[in-house]
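Enquirer: Listed below, chain by chain, are the residues.
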Amino acid sequence: MSVFDGLKFRKVSSPVHNLDPRVKFFFVCVLFVVAVMFVQLLPLLVLFFVPIPFVFVAGVKREWIRSLKGASMLAFIIFFFNFFFNYIYNEYPNIPSASLIEYSVTMTLRFIVMVETFSVFFLTTSPDLLGLALEQSRVPYEFCFAFTTAVRFVPVLAEEAQTIMDAQKSRGLELERGNFLKRIRNYIPILIPLIVSAIRRSLELAEAMESRAWGATKKRTNLYVLKLRKKDYALVLTSIFILILAILVWRFIPIPALNTLLSFS
Amino acid sequence: MIEVTDLSFTYPNGIEALKGVSIAIRNGDFVAIMGQNGAGKTTLVKHFNGLLKPAKGEVLVDGVNTRDVSVANLARKVGFVFQNPDHQLFCETVEDEVAFALKNFGYARNIISRRVNWALNLLGLTQYRKTSPFMLSGGERKRVALASVLAWNPKIVILDEPTIGQDYQQKEKLRQFITQLRAQKKTVVIVTHDVEFVAECNPRVVLMTEGKIVADGRADKILTDYELVTKASLVPPQVTQIFMKLSDLGLPSDVIDVHEARKILLDVLEGS
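As you go down the protein sequences, you meet chains G and X in turn.
Heads up: the first sequence at position 171 corresponds to 170 in numbering that gives the first Met the number 0, and the numbers run straight through without jumps.
Heads up: the second sequence at position 168 corresponds to 167 in numbering that gives the first Met the number 0, and the numbers run straight through without jumps.
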């Protein structure tokens, strides 16, 4: 599951790690919106390069590349489906046109832009900070806690799934045997113990929390308090600038397709 | 017969769990693999039924290289009972649970029902055959897990931490059960921290620390070697500890069996 490796946070300090998580999330949202706004290749190409400086400053190049590699299979599927079905419906007997290829590449690139920004965000934001950000955005504490706990238990669950798979394989279960439906059924002996133990664990966690007086006071205080600093404001301004620029371009400037540009020269 | 030669294994996260382990387990052997947490015990036994494939070196089970066959294939010969029964129980009834592996191995229906009856009877679970395994107590669930593996009568039985969370009576039953398996000429391998349990069984002990085998021999030789045992984060059995501390009475320091200790003590007391 290399896609998820690219989302795993490691505690280090860098200018990007130290940015306010709320601001970072806003930045990611802006890139998302802009990516969805355009269907032309040129702006998405530009967008592709926007998160890259952050990757280098944060020093998470290796993990980031791994997550992109993990997403490459999905990216390929997206390209294939866009290309194949558009071709079948619109251009079938003819040779596929350059604009069709450009469109498929654009859709794929849109997906890649989303993955890369998401990856940078999760690689540089600790789940704790994320929970804190939610809390300070007035999300009820119960939800924040549920969120951080869910994130925190993902690796535990993954490890448990592996153990269960080993146990069932030792009882002669072959996951890769049979036709498509049989293969899905093969996962029942893995899913049931996994779900049962997740439920058991959550009940135990609830008991442990209650015995430590969870929810005893309505008004909670925090050891750390998020405060916007100069560079956070700088990123907010940059995000807003990107958003306005994108809207202006989208509204008023016709974007040429890359293949027409290239055929002129 | 399991032959392990110069086996090394590194997990994907970079932890070197085994560093050049060599060991031979003959048919009919009773081996206890002991050592501290993270010594590589479970990693080693997971190589015996092919769940893990060697990174370096090789593992032969009855002359077959584990790299060449699937886990399902090896499992017929090597039964592996996991530490936590909750990691494998999923059926609606105990009966189905025991039959699961038999169905996977493609046994005929009449053989399956005969084997299920046999295994349930063997572990005293016949009264629960229509019960959901999730309704049973911890010890009973552990027995269901054991029954579900023994049902196909594997030649080699591996038990990972069989005594954890078991009361004394359960442990005693387990011990008798292992004796029974040995009478049937089965090879039994247990992975455990439980010094007292091992002292009672007196098997061959393989001591591991940091991915290497540091000692291999009879339990009464290894568990009474204070330095060796301490190095592996274990303590000698209580009887041995008492005898060690009373060495000025002329008591031997290599006793692990309670009954033997009693006899020696009585002799000493009568002599004085």
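I should point out that these hints are in silico values taken from the structure, not numbers from a laboratory.
A couple of the hints might just be wrong.
Simulated crosslink set (DSSO-like; lysine-lysine; CA at most 27 Å straight-line) [stated by the list, open to error]:
#	chain 1	residue 1	chain 2	residue 2
1	X	52	X	170
2	X	102	G	181
3	X	52	G	68
4	X	76	G	181
5	X	102	X	185
On a predicted model such as this, the values are computed, not experimentally measured, just so you know.
Enquirer: Hint by hint, note whether the structure agrees.
Expert: How the hints compare with the structure:
1. This hinted pair does not check out: residue 52 of chain X and residue 170 of chain X have alpha carbons roughly 32 Å apart, beyond 27 Å.
2. As the CA atoms of residue 102 of chain X and residue 181 of chain G are separated by approximately 14 Å, the hinted pair is consistent with the 27 Å bound.
3. Between residue 52 of chain X and residue 68 of chain G the CA atoms are separated by roughly 26 Å; this keeps the pair inside 27 Å, and the hint holds.
4. For the hint linking residue 76 of chain X to residue 181 of chain G, the alpha-carbon distance of about 25 Å falls within 27 Å, and the restraint holds.
5. The suggested pairing of residue 102 of chain X with residue 185 of chain X holds, with an alpha-carbon distance near 23 Å, which does not exceed 27 Å.
In this structure, the one hint that does not hold is number 1.
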